[in-house]
Structure formats: structure tokens, C-alpha cells
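Peer 1: Sequence:
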Amino acid sequence: MNRYPAWKYVIIAIALVVGFLYMLPNFFPEVPAVQVSSSKSNVKIDTALLATIEDTLKAAKIEYRGEELDPVGIKVRFNDYDAQLKAKDVLQAKLGDNYIVALNLLSSSPHWLTSIGALPMYLGLDLRGGVHFTLQVDMNGALKKAADRYTTDIRSLMRENRIIYSGVGREGNSIVLRFNDAAQRQKARFEIAKNFPDLQLQEQDAAGGDLRLAAALSAPAQKRIQEGAVQQNITILRNRVNELGVAEPIIQQAGSDRVVVQLPGVQDTARAKDILGRTATLEIRMVNEDPSALQQALAGSVPFGSELLYDRSGQPVLVKKQVVLTGDRISDAQSGFDQRDGSPAVHVDLDGTGARIFKEVTRENVGKRMAILLIDRGKAEVITAPVIREEIGGGKVQISGHMSSREANDIALLMRAGALAAPMEIVEERTVGPSLGKENIAKGFDSVKYGFLVLAAFICVYYLLMGVISATALVINLMLLVAILSMLQATLTLPGMAAIALTLGMAIDANVLINERIREELRWGSTPHAAIQAGYERAWGTILDSNVTTMIAGIALFAFGTGPVKGFAVVHVLGILTSMFSAVFVSRGIVALIYGGRRKLDKISIGQVWKPAVAGAANAPVAARGGSATTTADMIAAATRAGPAKGVSASTGASAKAGPAKGTAAAKP
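So the sequence shown is numbered by the numbering used here: it starts at 296 and just counts up by one.
It should be emphasised that the hints constitute simulated quantities derived from the structure, not laboratory data. Where a beta carbon is used, it is the ideal one built from N, C-alpha and C, also for glycine. Just so you know, not all the hints are guaranteed correct.
Unchecked claim - In silico DSSO-like pairs for lysine-lysine, Cα to Cα no more than 27 Å straight-line:
#1 Lys-738 with Lys-861
#2 Lys-861 with Lys-895
#3 Lys-482 with Lys-389
#4 Lys-663 with Lys-615
#5 Lys-370 with Lys-733
#6 Lys-663 with Lys-674
Stated by the list, open to error - Restraint ranges, calculated between C-beta atoms of paired labels, are given here:
#7 Gly-609 with Gln-634: 44 to 54 Å
#8 Asn-660 with Lys-389: 16 to 26 Å
#9 Arg-519 with Asp-804: 43 to 53 Å
#10 Leu-364 with Gly-600: 47 to 57 Å
#11 Asp-350 with Lys-691: 46 to 56 Å
#12 Phe-853 with Lys-691: 27 to 37 Å
#13 Ile-850 with Gln-481: 57 to 67 Å
#14 Gln-431 with Ser-608: 44 to 54 Å
#15 Phe-853 with Leu-364: 29 to 39 Å
#16 Thr-530 with Arg-684: 13 to 23 Å
#17 Thr-726 with Thr-767: 40 to 50 Å
#18 Cys-755 with Ala-355: 27 to 37 Å
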């Protein structure tokens with residue numbers, strides 16, 4: 296008898312229940328939604344805001360199908376896209392600039408499923424539509440920005456220690472200080488070495504008695520800065536995506552100096568491209584106010600240490616290359632209006648160090664012009680160049696000048712999200728429309744559906760009841776695979792759907808091995824119970840070997856692949872694990888339920904079982920009716936009636952009664 300332990304049935308039951316529950320959310324379609332989040336750190340998302348949103352929608356007579364409050368913000372679901380767009384405009388007008396109202400797509404699964412953590416799989420860019428960017432990080436730009444920071448810090452260090460120097464500036468990626476006195480240079484070298492251990496110092500004596508001290512970043516420091524620049528840029532991009540209110544973004548490093556950004560389901564793709572594609576950073580520099588220098592620059596000969604730029608009205612401004620303050624000193628930035636003329640402006644708050652530097656600079660340059668530059672896509676633009684009327688303390692800076700309210704919002708968003716550690720350039724850009732995503736989903740599901748139906752039909756016809764059991768195990772395998780992907784919150788892409796289809800084809804191999812092994816045991820005379828037992832036990836080794844070797848290939852794809860290849864590898868490896876569980880563990884339990892309780896089992900519904908070649912007997916199927924295997928006694932009887940062939944020795948047992956054929960020797964009984 297083939298009894299199965301009760302604890303194994305308990306494991307199967309738990310797996311089926313959990314798998315069904317966590318697979319279920321994937322059958323609920325996504326619906327249009329609006330996501331409300333805070334644009335300021337001091338503005339909270341609470342139940343009072345939720346009540347305000349509900350009242351606003353009811354007053355505007357906009358029907359919605361549900362709302363929820365989570366740590367990200369408030370999400371409101373709608374029945375159609377028209378209601379979604381109308382609700383976005385109404386809520387943005389009601390809530391103002393303190394909140395970000397973004398379009399989104401959310402699952403319509405019931406609350407009782409989400410309460411137990413049963414969420415649908417994320418759909419990738421090729422299935423939901425959206426935008427894809429590949430950005431190249433300028434590693435040399437990261438070193439230049441680091442050198443600029445060190446230049447400002449060294450200047451402050453010289454001032455604090457009252458060290459007399461004739462000039463300091465950046466040459467390439469090095470900082471060069473000039474002195475008139477060797478003792479002052481030696482003192483400066485001691486202070487710089489003590490405060491900035493990452494700098495390598497070298498004394499240089501130029502012609503004319505000019506004493507120089509060059510400071511350059513060490514090789515380990517350069518590598519650390521470059522790696523940190525990529526990671527900081529990834530963090531900044533995530534902040535910008537969060538400001539946009541995009542759900543399930545994919546932002547990851549690709550290679551040593553590239554970043555991949557995928558925003559599935561984004562509907563406002565134009566703004567997403569604009570915000571993520573911009574690399575805006577803030578710089579504050581002093582203006583070179585020498586009229587002759589400006590004329591010289593306009594003539595094509597820009598003075599050393601200066602740069603010719605233009606403001607938004609097209610007027611030339613000659614600014615010094617020396618950076619007084621950079622955007623990494625910004626702690627907050629909000630859009631607003633200039634109190635003098637009511638024009639759009641950006642109000643910037645500096646951190647402690649930035650406020651101190653800005654106070655010192657404004658105190659020392661009263662009556663001079665200070666240029667505020669926006670570095671966007673590698674191009675510098677003078678936003679404003681006001682005259683410093685007095686010392687400015689408190690770390691409050693206002694940026695205004697020929698900008699719209701939308702542009703002020705975007706600039707504030709970029710500054711608030713953080714300054715990029717290094718410039719980035721978009722080297723690849725793809726946009727996938729939602730209609731193409733729906734078409735890909737339909738084709739992917741059709742490939743899995745039709746592949747499964749063909750497999751199930753073939754296996755059921757060829758193996759009869761055992762084939763039905765194998766098809767049932769295949770359904771359970773698919774259910775468990777989808778459930779695990781949902782529990783892991785994996786992102787399903789087209790390669791992932793191809794891996795699911797491949798998993799179904801590979802999963803049936805294990806059932807074929809088991810069924811053929813059972814047939815073989817029946818063919819050689821085992822009883823049905825013994826054939827089932829031996830079939831599962833002896834096929835297990837082959838199944839394990841084949842799946843382990845395939846899993847090694849999947850792990851290699853995951854370890855060395857990127858993007859879609861990794862997605863394929865994850866689904867592939869998980870599919871191997873679920874197929875081994877369902878094909879061996881679950882199908883064995885079903886077989887035990889059907890056949891295990893019978894004390895005397897005469898046949899198994901497994902299709903035709905061909906007997907081995909016996910002397911004088913035709914190679915005919917053992918089962919004559921119903922395609923079922925019979926016991927070994929029938930096989931022996933058939934061989935006995937046929938008798939040994941001429942010229943061939945007969946086997947022992949009943950066949951010896953017929954006597955030896957002419958010219959042959961009879962075997963001893």
C-alpha cells in the first residue's frame with residue numbers, strides 16, 4: 296500500500312492555501328488613482344488631510360471607489376481616467392504647494408487581501424508602459440567638484456589660521472596655493488596635512504620666486520569619491536522620483552559609471568523626463584566687475600580665472616570661476632514669491648556651514664555683485680546677479696529673476712532633492728506606451744495559457760489518469776510560482792513571462808520521468824503498488840540532477856546578468872524549486888489519495904505498457920483494455936503460452952513444461 300504521512304498532507308494543504316491567497320491579487324486589474332504626498336518635511340499626512348480630500352471630492356461631485364492612508368501618502372482610486380485627471384486638478388488647487396498630487400495606477404484587490412500582505416506583482420516597464428533612462432556619470436566632474444570644495448575649505452582654513460598667501464585656485468583636479476614667504480608655505484602645509492589627510496602635498500618653486508604648494512587627491516580618495524558620486528546620484532534620483540510621486544521605480548547602478556532609471560506606469564512622462572533628465576545644481580560666485588575685463592571677454596579674450604555667461608534677459612555677465620558656495624550646502628528649498636514685486640522666486644535655506652560661509656562672503660563683499668548660477672545639463676546660467684547691500688546671516692537666500700511658477704517649483708524640487716555629486720548625461724532614453732504594455736501582457740499570458748493547454752492535453756492523453764495528476768501538479772506549480780513572486784514583490788517583465796512558460800515546459804519533464812519509471816517497473820513485473828513506490832524513488836535522483844544543473848545556469852545568469860537577464864534568472868530559479876515540489880511532493884500525495892487506500896491494486900491508469908521482448912512472444916502491449924497495466928502473472932502466462940523460439944534457450948519456470956525445442960538445451964528448473 297502507498298500510504299502518505301499525515302504531516303506531508305498538512306504541508307501540501309498549507310502551501311496550497313497560502314499560494315492561492317497570495318496569487319489572488321494578481322487577478323484584480325489596476326485602476327487609475329491619485330497619490331497625495333507632502334512636499335515639505337514639516338507637513339504631515341494624517342487623517343485630517345484624508346477627511347479634507349474626501350470633502351473636496353464630494354464637493355466637486357467626483358466619484359471614487361476607495362481611499363487609503365499609508366506611510367507614503369494618501370491614495371484615492373477612481374473608476375476611469377477622466378475622474379482621475381479631474382480629481383488631480385481639484386485636489387492640487389485645494390491643497391496648494393505644500394502637497395504633491397501625482398497620477399498613479401493601483402491594484403483593485405480587496406482590503407482583506409492587502410491587510411494580510413497579499414499584493415500583486417509589480418509589472419515592469421515593458422508590461423505597464425512608462426519611461427526608461429540610462430544616465431552616464433561624469434567621473435572627472437566628481438573630482439572637479441571635490442577640488443572646488445577643497446578650494447573653499449582651504450581658503451577658510453588659511454583665514455582662520457592667519458596664514459598669508461598670495462592666491463589659491465584650482466588647476467585641473469589640483470588646488471594650487473601661491474606664497475611669497477617660505478615660512479608661510481610651510482605653516483600652510485602643516486595645517487592642510489593635519490585637516491585634510493586625503494590630500495597629497497607637493498612644494499613647487501616657479502620662475503620669478505613664486506612659491507607654490509600643490510594639493511591633489513590621493514588615488515584611494517579619488518576612487519572613493521567616484522564610487523560615492525554614483526551612490527549619491529542614485530540617492531538623489533530616488534528623492535526626485537519620490538517628489539514626483541511615482542510608484543515602484545527601478546533605480547539601480549549599471550556598471551561602474553552608469554545608472555538605470557525605470558518608471559513603470561508613469562502617465563505624466565513629459566514631466567518625469569524633464570525632472571530626471573535635468574542635472575540642476577546651484578553655485579554662488581562673485582562677479583568680475585572690471586568693465587575693461589567684460590569688454591575684453593566680449594571681444595573673445597576671457598581673462599584668466601573668469602567665465603563669460605549670460606543671464607535670462609540675454610545680458611552678459613563676467614563671473615569668477617572660484618565657487619563661493621555649492622548646492623550641497625542646501626538644507627531646504629521652497630517655491631514662493633518675491634515680496635518686492637510678487638514675481639515667482641525660490642527661497643533657499645542653507646545648512647550651518649553654508650550659512651557661515653555665506654555670511655562671511657556677504658560681509659566682505661558689500662557693494663559688489665554676487666551671481667547665483669543654475670548648472671543644468673552641463674550649461675551654466677545666471678539666474679540673478681544682485682548687489683550685496685549688507686551682511687546676510689541666518690542662511691536664508693532668495694533666488695528670483697524671469698522665471699515662471701512652474702519653473703520655480705521644479706528648481707525648488709531639484710534643490711530640495713539634493714545636489715548631484717557629479718554631472719550626469721542621458722545616453723539612452725525609451726518610452727513605452729500603455730497600449731503597447733497591454734499588448735505585451737496579452738501576448739505573454741496567451742503564450743503561458745496555450746503552452747499549458749497543449750502540455751496538459753498531451754500528458755492527459757498519453758498517461759490517462761496519471762497524466763491528469765501530472766497536469767494538476769502543473770497547475771499547482773504555476774500557482775505557487777506566481778504566489779512566491781507576489782510575496783517577494785518581484786517585478787514581472789516580458790523575459791519573466793518567458794521564464795514562466797519555460798518553467799511549465801521543464802516542470803512536465805519531472806512528471807514524464809516519474810511516469811515512465813512506473814511503466815518500466817510494471818513492464819518488468821512489479822506489482823502496481825511496488826511500481827508506484829519504486830517509480831517515485833528511482834526517478835528522484837535523475838530529477839534532482841537535471842534540476843540542479845539547470846539551477847546552476849540560472850544562478851550564473853543572475854550573478855553576471857543585468858536588467859531583463861536577471862529578471863529571467865529569478866523566475867527561472869524559483870520555477871525550478873516550485874516544479875520539484877509540485878512534481879514530486881504534491882503529485883505523490885495525489886497518487887496516494889487515489890491508489891494508496893486500496894489493499895489489492897490490479898492496475899494503474901497510466902497508458903499502454905509494452906512488455907519486454909520475450910522469446911517467441913510478440914512485442915505487444917500488456918494491457919488490452921482501457922490502457923491499464925496488469926500484474927506480472929499475466930505477462931508470465933503470455934510468455935508461457937508462446938513458448939521459446941527455435942534456437943533460443945527457454946527461461947526457467949512454467950515455460951519449461953513445453954520442453955526444449957529441437958537442437959536446443961533446456962535449462963534446469
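Peer 1: Now, for every hint given, state plainly whether the structure supports it.
Peer 2: Consistency of the hints with the structure:
1. Simply put, Lys-738 and Lys-861 have alpha-carbon atoms about 21 Å apart, close enough for the 27 Å limit, and the pair holds.
2. Distance restraint check for Lys-861 and Lys-895: the Cα-Cα separation of roughly 51 Å exceeds the 27 Å cut-off, and the hinted pair is therefore not satisfied.
3. The hinted pair formed by Lys-482 and Lys-389 fails the criterion: a straight-line CA distance of about 61 Å is larger than 27 Å.
4. Only pairs whose Cα atoms come within 27 Å are accepted, and Lys-663 paired with Lys-615 is accepted, the gap being roughly 13 Å.
5. Distance check on the hinted pair: Lys-370 and Lys-733 sit about 23 Å apart at the alpha-carbon level, within 27 Å; holds.
6. Distance hint between Lys-663 and Lys-674 is fulfilled; the C-alpha atoms sit about 24 Å from each other, no more than 27 Å.
7. Range check, Gly-609 to Gln-634: Cβ separation about 26 Å, and the 44 to 54 Å hint is violated.
8. Asn-660 and Lys-389 have their C-beta atoms about 44 Å apart, which leaves the hinted 16 to 26 Å range violated.
9. Distance hint for Arg-519 and Asp-804: a CB-CB separation of about 50 Å, consistent with the stated range 43 to 53 Å.
10. Roughly 55 Å separates the CB atoms of Leu-364 and Gly-600, a value that falls within the hinted 47 to 57 Å.
11. Between Asp-350 and Lys-691 the beta carbon distance is about 36 Å. The supplied range of 46 to 56 Å is therefore violated.
12. The hinted range of 27 to 37 Å is not satisfied by Phe-853 and Lys-691, whose Cβ atoms lie roughly 50 Å apart.
13. At about 59 Å, the beta-carbon gap between Ile-850 and Gln-481 stays in the expected band of 57 to 67 Å.
14. The hinted range of 44 to 54 Å is not satisfied by Gln-431 and Ser-608, whose Cβ atoms lie roughly 33 Å apart.
15. For Phe-853 and Leu-364, the Cβ-Cβ distance of about 37 Å falls inside the hinted range of 29 to 39 Å, so the restraint holds.
16. Range check, Thr-530 to Arg-684: about 37 Å between beta-carbon atoms, so the 13 to 23 Å window is missed.
17. For the hinted restraint 40 to 50 Å between Thr-726 and Thr-767, the CB-CB distance of approximately 43 Å keeps it satisfied.
18. Taking the beta carbon of each, Cys-755 and Ala-355 are about 56 Å apart, not inside 27 to 37 Å as hinted.
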